[in-house]
Every structure is written in structure tokens, then in C-alpha cells.
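Residue numbers (my numbering), protein chains in the order written: chain U, 67 to 167; chain C, 20 to 650.
Keep in mind the hints are simulated off the structure, nothing from the lab.
Predicted model only: the values in this text are computed from it and were never measured.
Every residue, glycine too, gets a C-beta built ideally from N, C-alpha and C.
What you were told as hints is all true, and nothing was included just to trick you.
Using C-beta positions, here's what the derived DEER-type ranges look like: (1) U:Thr134 to C:Val632: 19 to 27 Å; (2) U:Tyr76 to C:Val648: 16 to 24 Å; (3) U:Lys163 to C:Met184: 53 to 61 Å; (4) U:Thr134 to C:Arg650: 29 to 37 Å.
The residues making up each chain are set out below.
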Amino acid sequence: MAESLNAYLYVGALLFAIGALGVLVRRSLIVVLLSIELMLQGVNLTMGAFAVFNEDMGGYVLMLISLTIAAAESVVGLAILVTVSRRVTELYSDRLKSLRW
Amino acid sequence: MLIEYPWLIPLAPLVAFGINGLLGPRYLKKATGVIGSTGILVAFLLTVAMWRQGEYGQATLFQWVASGSLTVDVGFLVDELTIVMLLVVTGVSFLVHVYSIGYMAHDRSFARFFAWLPLFVFSMVMLVMANNFLTLFVFWELVGVCSYLLIGFWHDRESANNAAMKAFLVNRVGDFGFAIAVFMIFWNFRTLEYGEVLANLDSVESSTLLIIALLLFVGAMGKSAQFPLHIWLPDAMEGPTPVSALIHAATMVTAGVYMVARTIPIFEVHSAALIVVGGIGAFTALFAATIALAQTDIKRVLAYSTISQLGLMFLGLASGAYVAAIFHLATHAFFKALLFLGSGSVIHAMQDEQEMTKYGALRRKLKWTYGTFLVGGLALSAIFPLAGFWSKDEILAGAFIRGISGDGNPIFAFYWVVGLTVSLLTAFYTFRMVIMTFHGDARDKELHESAHESPAVMIVPLVVLALLAAGAGAVLGFPPEEGMVHDFLHNVPGTAHFELSGVQTIAIALAVISTAVALLGALSAYMIYSRRRPRAESIGRLVPGMHTLLYRKYYVDEIVDYGIVAVTKVIGFILWAIDAKIVDGLVNLLGWIVRSLSAVTRRVQTGQVQNYVFIMALGAVVSVGALAVFR
Numbered sequence: 067m068a069e070s071l072n073a074y075l076y077v078g079a080l081l082f083a084i085g086a087l088g089v090l091v092r093r094s095l096i097v098v099l100l101s102i103e104l105m106l107q108g109v110n111l112t113m114g115a116f117a118v119f120n121e122d123m124g125g126y127v128l129m130l131i132s133l134t135i136a137a138a139e140s141v142v143g144l145a146i147l148v149t150v151s152r153r154v155t156e157l158y159s160d161r162l163k164s165l166r167w
Numbered sequence: 020m021l022i023e024y025p026w027l028i029p030l031a032p033l034v035a036f037g038i039n040g041l042l043g044p045r046y047l048k049k050a051t052g053v054i055g056s057t058g059i060l061v062a063f064l065l066t067v068a069m070w071r072q073g074e075y076g077q078a079t080l081f082q083w084v085a086s087g088s089l090t091v092d093v094g095f096l097v098d099e100l101t102i103v104m105l106l107v108v109t110g111v112s113f114l115v116h117v118y119s120i121g122y123m124a125h126d127r128s129f130a131r132f133f134a135w136l137p138l139f140v141f142s143m144v145m146l147v148m149a150n151n152f153l154t155l156f157v158f159w160e161l162v163g164v165c166s167y168l169l170i171g172f173w174h175d176r177e178s179a180n181n182a183a184m185k186a187f188l189v190n191r192v193g194d195f196g197f198a199i200a201v202f203m204i205f206w207n208f209r210t211l212e213y214g215e216v217l218a219n220l221d222s223v224e225s226s227t228l229l230i231i232a233l234l235l236f237v238g239a240m241g242k243s244a245q246f247p248l249h250i251w252l253p254d255a256m257e258g259p260t261p262v263s264a265l266i267h268a269a270t271m272v273t274a275g276v277y278m279v280a281r282t283i284p285i286f287e288v289h290s291a292a293l294i295v296v297g298g299i300g301a302f303t304a305l306f307a308a309t310i311a312l313a314q315t316d317i318k319r320v321l322a323y324s325t326i327s328q329l330g331l332m333f334l335g336l337a338s339g340a341y342v343a344a345i346f347h348l349a350t351h352a353f354f355k356a357l358l359f360l361g362s363g364s365v366i367h368a369m370q371d372e373q374e375m376t377k378y379g380a381l382r383r384k385l386k387w388t389y390g391t392f393l394v395g396g397l398a399l400s401a402i403f404p405l406a407g408f409w410s411k412d413e414i415l416a417g418a419f420i421r422g423i424s425g426d427g428n429p430i431f432a433f434y435w436v437v438g439l440t441v442s443l444l445t446a447f448y449t450f451r452m453v454i455m456t457f458h459g460d461a462r463d464k465e466l467h468e469s470a471h472e473s474p475a476v477m478i479v480p481l482v483v484l485a486l487l488a489a490g491a492g493a494v495l496g497f498p499p500e501e502g503m504v505h506d507f508l509h510n511v512p513g514t515a516h517f518e519l520s521g522v523q524t525i526a527i528a529l530a531v532i533s534t535a536v537a538l539l540g541a542l543s544a545y546m547i548y549s550r551r552r553p554r555a556e557s558i559g560r561l562v563p564g565m566h567t568l569l570y571r572k573y574y575v576d577e578i579v580d581y582g583i584v585a586v587t588k589v590i591g592f593i594l595w596a597i598d599a600k601i602v603d604g605l606v607n608l609l610g611w612i613v614r615s616l617s618a619v620t621r622r623v624q625t626g627q628v629q630n631y632v633f634i635m636a637l638g639a640v641v642s643v644g645a646l647a648v649f650r
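Just chain C, with the same shape it has in the complex (with noise of 0.2 Å):
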């Protein structure tokens, strides 16, 4: 019954929105923060009725575009994948949003604030309900404009306006990638319906769909932040803290993961695309991971986890462990969330202090705090039985199985063995992190001795999402491979799924693994930060470089800022120059060309009436002469 209307669902955010955002700075003022949470609140009771009931199909809101043979709806698509991810969006955005009303309560742009939240929301929720792919594409730039609006949120400070431009600049690469996509699709298909596009598969040339899915892939790097159009997630951390973590958990960057799982079967048709979107995925997971290891910034270290997690999701989708992918997606959304809210509240309690260098020893004043964040490590860790670990474990199963099954490629059976290292690296900068903040000695004792526990309105969403971090896996994954999450994503259309039937032992072998890869990790960043033994430093030495390279971030920005954003630059000045001096140039030459000719004859011009008199009888007389001789 519901499925006959869908879009209720983004309207209750968008009617947040516009109360909010008319109302708000003037007359609402605090009582915006319960609107917008009522709103996302009443967009996942929606949710969860339509998943309840079980109807899934499409509805066309109204006919937007009708021109020639293109013709483009706003339309609905529910189906199993749509639910996940709308419990997903809703659900954790909630949560981000009642924590706001605590975190931002001393903010003076508070009603702004809760006007962008729900818009940011109401453009998720569209974009994952969206039946076409110019639907998609309009809210997809719609969830890049307000991720700048709300990067930039303090838009007094110059960081925080760079850092969402550097956002929407780097979104528009990837975005360029996507549109060129959409053309191609529709030049191709005669339709952008993903439905009708996915049935007709087999009428396209496969070198074509290459092109396609690879650009298509080129969009999701971008909102997905995969290598190298991963710079500016690390700089959308100027936002608030809610902000970070709405962009990293709920919505943003699972929308490149989302549209990739939605558009899996163009990418299936050509191994090669798989190979490119594993490979790069696997390589960001191990690039981020690697950066993640020497970051002191807490969100910096979060960011860069999200980076390497994306990776493994994009690597879950090209091994085909499609289910696996979502499935983490999903987990990543609560465990991520409740990282990031967990960092706010430590941010908040040292006053707006970043740097663990100057944390340590938390773990008695921020008790709350510290038992979730443990708690969203270890499910980040991937340690049994937690979150993590029934997602990414499949993940890592999935790779490993298409690497040595016989329609694979061996290359896969690599990107496990990398997977695998991220497992270790993931672990090891968790429990650094962990162990920075929470033990130790405190290394700051002014802040320490000021820092206090964050009010109720912050800690229940972190307890909410601390036990969906510890107990969704085990609810949604167990028995690994025919869990909750994998019978209702089974049937969904086109997603080939590798069955693991009679590889059942291959599998627990690989989780034993994994699990144990995640211990080392773990263990050594106890050993290296909490016994000191050994030392950190004199690891570090081990490389020369090492330690520099990975805090500036394999210099990526300077290779950016020197390589593209210079050359862009240079190649701007020589565009201005043509434009100033040889366009705008000859405009004025002819200005100029008609400006000294009426120098000339303006002077006929004297003012006096008389001379003026005198033309007009010279005038008169010339005339009528004239008529008498040649008459």
C-alpha cells in the first residue's frame, strides 16, 4: 500500500527543511533541532512500515522531461537494495541529528544548520530511490551541493570554505566522469531507466559498456573519495563533527558504492572493468590505511578509515561478494557513525581540541564515551563477533574465492592478500587511536583536568549506535552467507552472487584468518603504544622517510597542487590573456575606430544656434535652387 507512494518518504525531510530553513533563524530558533529530527524520524518509521509490508516496485511521481524519444520521470524504484540503504540513510541520520541538537547547542547558526541537515538527508534519500539515472544524477549533485554548504558551514573560516570548494571541485572530476556516462548510456540504450538499461544488456557492444562502466566508476570515485579523487574527504573534516560523520556514514560516500552496486551488471559484462574497480579499490584500502597509520588529527585517522573501508567495499562488489559489499556498507554506516560522534564528543570535552597528541588518559572522565568508542573500534578491527567482522570477513571471502574459482582471475587472490593487510593495518591504527586518546598518561593536564562528559542528548545516540555496532553483524550476517541480510538481498535483479555452497570449510578457514591478522594488529598497537616496547620512534627509523611520507599524505595534495591545480592555473592565465587582450582587444579597437571618426565630425556640433540657422537656410536655398535648374 505504501509502494503506491514513495515519495513521502524524502518529503518528510524536505518539509523539515523548509520550516527550517523559512522559519527557523527568526521564529524557531532552538525548536529546529527537534523539526529536523522529527522529520528524518518520521522519513525511517516510513521506511521500516514499507519494509514491513514487503512491496516493492516502482512509481512515477510525474513526467519531467519529454523530449523526442527522451522522455524522464521522477520515479520511484523500492526494491530490497532501496530498503537497506533507506534504513541505512535514515536511520544513522536520525542519530546524527539528535546528537547535533547537543553537540551544536551552543552554535549561533544553529537553525542553519538544522535547515541543511535535512536537505543533505532529503537528497540521499532521493538519490537512492531514484528509478533512472538523470534522476539520480540531479540528486547525486544535489548531495554535493549541500555536502559544500555544510562542509563550509563556518563559513567565517578560510580553511572551512577552501576545504568545500576543494570538496565540490574534486566532486565535479568524478561528476564529469558520471555525466559523460549518462549520455552514453542514453545515446546507447534510447532510455536511462536502470530497469530497462539492465534488461537490454546484450544489445549493446561489451568495448562499449567497458567505456561505461569505467566512467561510471569514475563518478563513484569521486563521491566514494577512492585514489585518486580521495583529497578532499579528508578536508571536508573542517565541518562539525556531525556533519563528518553524516558525510562518512549515511550519506556521501556510500552513494559512489550505492550506484555502483545498482549499476553491478554493466560492470559484470566486462571482467576487466571488475579487475579495475577491485584493483582500485584494494590499492585505496592499503593507500588510506597505510596514511591512516600516521595521522594525529583523531578525524584525520577516522577520514582516512573510511577511504580504506570504502576501498574494500568497491573490492566487495568486484569479486562479485555483492551482498558482502552492501552488508558492509551498512555496518560501516553504524560502526563509522559511531566513531565520528565518538571523536565529537571527545572534541567537545577538550574544547575543540584535534590533535591525540595532546589527548590521553580519557578513559575515566568520558566513560560513555570511551565504552562506545571501543566498542565502534573494535567493530572497525573487524573482531569476532562484532560488526566489522561478519561484513568485511565475507568481503575478504568473496575475493579470495573469485581469485582461485574457475570463471575468476587469479588477480583477485592479490587484492585478497592486500585486503588482508588493510585488515592488519585497520586494527593497528584503531588501537592507536584508542590507546592515544583513552590511556596513557594525560599529556595536556589543563584540558584533561576541564574535560567532561558530554550530556544525555549525545551519549543515547552513541549507545544506540554502540549496539547496533556490536550486534548487527551477528543479527543481520549469521550463518555467514545466509544470514538476514543476505536472504532479503538475494533476489534483488541482476546481482550475480557467488554462492560459497561446499567451500564452507575454505570460508571459516579465511574468517580464522582474518580474525587472527586482526589480533596482530591490535596486539602490536598495544604493545607499541601502551608498553612502549618497542618504541615507536625507533620503528620509524627502521625506514628513513617513512614516517614523513605517510604523515604527508604520499604528498598527494602537493602533487596535485603543483601538477593539476598549477597547470590549471597556468593554462587559465593564458586563456585570460587571449580573452583580455586579443577578444576584448578587438572589441575595443572598434570602440576605439568609431571614437576618433566622431572626433572628426562632433565638431560640427557647435552649439551655436546660429551656425545651425545657417545650415538650414543654406539648406533651404540649395533646394529650392536645385529645383529650379533641374526642374
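Excised from the complex, chain U in its bound form (with noise of 0.2 Å):
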């Protein structure tokens, strides 16, 4: 058993490290958001393993927090997105840098 949660730790970081990837290098921002996505993903499914593997609830509620949070977290960022398209015609991150120095 002790091996198998590795194989979940491993899929769960290799999860993360796509989407932290993603985020880094993508201009798309929509492939951002979903790239965060992914990362979440990832971290859920690291909790909800060690919850199966430790016997504790306590993952599991973690985990379904974390979920209901993400939701609400694209809705508010989708709803950016949408309003920064209305001033900009592509939607790429090397477009708004308009609050820099």
C-alpha cells in the first residue's frame, strides 16, 4: 500500500508542476486560468490521498473547501477576463502592462 501512495504523490506533483508550468510560460490568459486549475488539481488530489492512505476525514474536507474555493476563485477570474477584454483585443498576459513603472 505504502508504494501506491507514492504513485499518487507522483501524479499529484507532476499535476502541479504542469500547471506551474503553464502559468509561467503561457500568454494566453485563459490557458493561465486554466493552468491554476490544473495546479489545484493537483493539490487535491495529494489531499485526498493521504486521507484514503491516513484514515483521516480531516483531507477530505480540506480537499472539499479547496474545491468549492476554486470554483469561486474562476468565476471572479473569468469575470476579469471578461472585462479586460472589452479594453484590449487579444487576450494575452504581455498586453496589460499598463501599471507598471
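Put the two chains together into one complex; each comes in its own frame, and the hints tell you how they fit.
Printed below as a string of C-alpha cells:
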């Protein structure tokens, strides 16, 4: 059983890493948002795995809270993107630099 | 009874100021004239009541400053000197107010005028009623502020603004000396109340007292326009004529004389102080009188005459003819107010023309003005038996006796000679003025045609003042040295008074001499300006350049301009440069350093979201890695 916990953790870490890479390198803001979701799912998977293997309900609870917040967060994020899309023609992160020095 | 409420006297003009200042311009308009005059009249009547009750003393309104050993009350001192000053100030001011209703009738700032005027009187009343040096100083300054406001009353004229500024700045020079004197008085006496200071003169070294006295006199020189701080007074003519009358006769310039009179025991400790005061007074009297000879602006002649007469008052104070000096202050207030208001009436009739060269032959057109002006002129020339004769004669007699008596100083005999010369010149320029204005031929036909007598509201004050100028001297000052005014003032504490008993014959001889001299002056003016034998021009040619020198007022203004003002400007420029280049430079340098540094560091803020995220992720990795490695 211990070996299979590691397998879950590897998958979770991989998901998180792919998501982080996406956030760092992609220009399209929608893809960035999707990548953030991916990172969150990686974390959720890790927490779920720990809950199962440690037989601790706290992991499920944390996972559910995280999912709920993630849903709310995507709504806010998408709403911001809709607003921004009214100002710029293309939703690329390098177009939104007006708040720099 | 009234002595318990002395603050009622200044309250009346203050209320008038408040009403006129707040409601005047919008609601009251022409009614402000009546309100202002009423306020002053109430103050005058209260003063008369206080005088008739004959109770004197002190009263404290409230404690103003309490700090360590320094306590200052807003207190009132009422004694005979205060009463005389109050009667003169409120009485003359009332007449000036009434006159102003007529004179200022067509001015669009009528209400503003009648707001400042009672404030001026209020300040002056408080000044003479104060019982300590600090209150005196505060109202001393307030009088200065009011003079600034009134001289610059027509503030759309640049010359008026400049004159107001000049009056204020020149007064500051004097106030500086006065302020230091007040500091020194507190330092040495630990109190600022007149009574306590004058009672403890023995406890302070006489050399210190000499310095205090001279500094006090510097203050008096500024307010009372003594050489070399006299330059503001002739320029003060830029204000409306009633203001000139008020400044010259009742308020402002008499403040210096009053202050020296009030503190004369400090001066008497050291004879050097008296010699300086007498010397400056005598010199100023002569100096200003000679300038008055050549001026052609009617108000300027009167202005220099005021300076000259104030000089005589200081000479009187220094000679110990203390009562005579105050007496002269009072009579001078009457006849100088009369002359100024009279000249205002002439100027009014001549459509604001002030040059006497455009006047002439006005005596038939302006009968009342001429009559009253002549009375004022005779009083100013000290012709028997008008007011000026009694008071000025006593000042000169005081100087003479101070000069020949054992405990005096011979230099006062010299001052007496100067004073006599001044008498001669005074009579001369006064009659030159009268003849040029009212006699001879009309030099400007057009103006002469349109000239008309002033309305009754202006003439009545003139007549009242003429009666005072004619009669006050004899009523108050007869017999010499034993008249009402002497009787009234002789027991003011701390006033040394030279007794003339036993030298009555000398006094009469001196009176005859000074009258003869005055008549001589008047006669020569008549010969030169009316009969034209000899002609004025040929006399002017006797001493080449003399007329120009006098006409340009000895170039004092120019000397001050190039000597003091220019130097001050250069110093100011240097200081400005230091401030702008060095002080500001240092501050700007700091700012520049910070800005250059931030020009480099701010490039970190790219505005690229992913850069921030990258730094964040990097930070997280490094922190976690560090935890793993170093734990």
C-alpha cells in the first residue's frame, strides 16, 4: 500500500508542476487560468490520497473546501477576463502592463 | 464710579467698528457714518463724565498672560494725563468723523472707511489707557495697522499702497527699538506695569536706564515721525484727507509724545537721554520747518509742519516743560485738525487738486473755510492770543530756563534759539500757504470758477475746531504756568516740573520775543508772497541750490532709497541666492540621488504578471530547498 501512495503523490506533483509551468510560460490568460486549476487539482489529489491512506477525514474536508473556493475563484477570474477583454483586443498577459513603472 | 468700568470708553468705538465692519458694506451703507460718529461721541461723553467725576485709578479687565514671573493684565490706568489724552483723541476724532460724512459722501467704499476709522480710534484709546508696556505695545502696533489700512484706503492707487507700506515699514524700525526696550524693562524690573517700573527706578543701574530710555525714544521717533524716521508722514498724505487729519492731530503721531511723557522719569535719570531727546526734537523741528518753506502741495506743507511741531513737543518734554508739551499736544491737535480739514475743504472745492500753485483768490469763494483756516494758521504761527501761542511759548520758555538754570544744561539755551528760529519759519510758511491759497489772483481760472463752499456737515466741525484753536489756549493756559491745564496735570506722579515762580519777568520777556519773531515771519511772508517785494525768486537766488534742496526734502528719501533700501535689497538678494542655490540645492540633491537610484531598481517592476509569478515560484522553491538543506 505504501508504494501506491507514492504513485498518487507523483501524479499530484506532476499535475502541480505542469500547471505551474503553464502559468509561467503561456501568454494566453485563459490558458493561465486553466493551468491554475490544474495546479489546484494536483494539490487536491495529494490531499485526497493522504486522506485515504491515513484514514483521516480532515483531508476530504480540506479538499472539498479547496474545490469550492476554486470554483468561486474561477468565476472571479473569468469575470475579470471578460472585463479586460473589453479593453484589449487579445487576452495576452504581455498586453496588460499599464500598471508598471 | 465710572472708574470701575473704564473699558466702556474703548468699547463704544469697538462696537461701532463691529457693526460697520460686519453689516456696513451690504446693509447699512450711508448709515455707517452716523453709527461711527455716534460710537466716538459716546466715548467722548464717557470721558467727559469720568473727568467730571474726578476719580482716578487703575482697573483690570482680565489677566492676559501668566507665565512664570511674567504676568500681564489687560489693565487700565486713568489719571490726569490719560484724561487729557482721551479728551483730545475722542473729541477731535468725533469732529473728524462728522466731517468725513460729508467729505467721503461720494466714495464707493464709504462703509469700509467708517469701519476702519472707529477701529483706529479704539486702538488709540486703548493705547493711552493701558497701564503696562505690553498692552501699550500691542495697541501701538494696532494703531500702526489701522494707519496702514487707512493710508492705503484707495488701494487701487499704486502710490497709496506704496505710502501705506512705507508708513508701516518705517514704523517697524521704531517698533524694533521699542520692543527691545520692553524686553529690557521686563528683564530689569520683572514687571511691565508703569507704576511699579517708575517706582523702582533706583533699583536699576542708571546706564541701563539710559539705554532703555533711548530705545523707548527710538519707538517714539518712529510713531511721532522724528528725524530720520519722519519720512513716512508726508507720504501718508495719500490717504483721504480726514485720515491725514486724524493721523496728524489726534491719533498716531501723538502716541510717541504720550509714551515719552508717560515714561519721562526714566529719561530724567540720565541727563544724556534728555539732551538726545531735546536735540533730536529741536533738530527735527528746524529741519522739517525748512522743508515746509519750499513745498507746493498744501497737504505736504501741513505734514512737515506737523513733524516740526512734534519736534517742539519732544523739546518741551526734554526741557522738563512736561505740562507745556502735553498742552501743546492738545492745542496742536485742535489747530492741525482744523488746518487739515480746512485743506480738505479746499481740495474738495478744487476737484482734488492739491497744488497750491493752482490755487489763489479763494477767500471770497470759500468764506467759511478761509475764516477757519486763517484762525488755524494764526494758531499754528503762535500769534497772541490764539492756542498755539500759549503752549509753544511755554515750551520755548522751558528750554530757555533749562538752559540757564543751574541743574540744567547750557545746550538747552541753544535748543531755545533753534526753537525761536522754528517759530519764525513756522509763521512764514503758514502765511505763505494762506496767501498762496486764498489771496492774490486765481492761477487756474477754470478750477476757480467751479469752486464751491463745502456742505454744512463739513463746515460745522471746522467752526468748532476754529473756536477751540482760538480759545483753548487762553482758557486752559492762562495765566502762564498756572492755568487750568497746569493745575490739572501738575500732580501726575513722577513728573518733574520746572517751577517758573520768580522768573515771571523772564517768561514775559520770552513771550514778547517769540511773538515778535512769529510776527516777523508772518510779515515777511506777506511782503514776499502778497506784495512781491522782494520777490521769492530773487531770495531763492541768494543761495543757489537751496530751493531745490528744500523742495526735494534734503534728499532724505533718496538717501534712504540708495543707502538703506538698496543695501537691504542687495543683502536680500544674497540671502535669496544662498537659500535658492545652497539650501534648496542640498534638498534637491537628496531628491535627485533617490530618484537616480530608483531609476535602476524600478525596472524590476515590469508589469508582466508572469514575471511576478516566476519570482514567487522561485522564492517558494528556494525557501523550501533551503529548509530541506539547512534543517
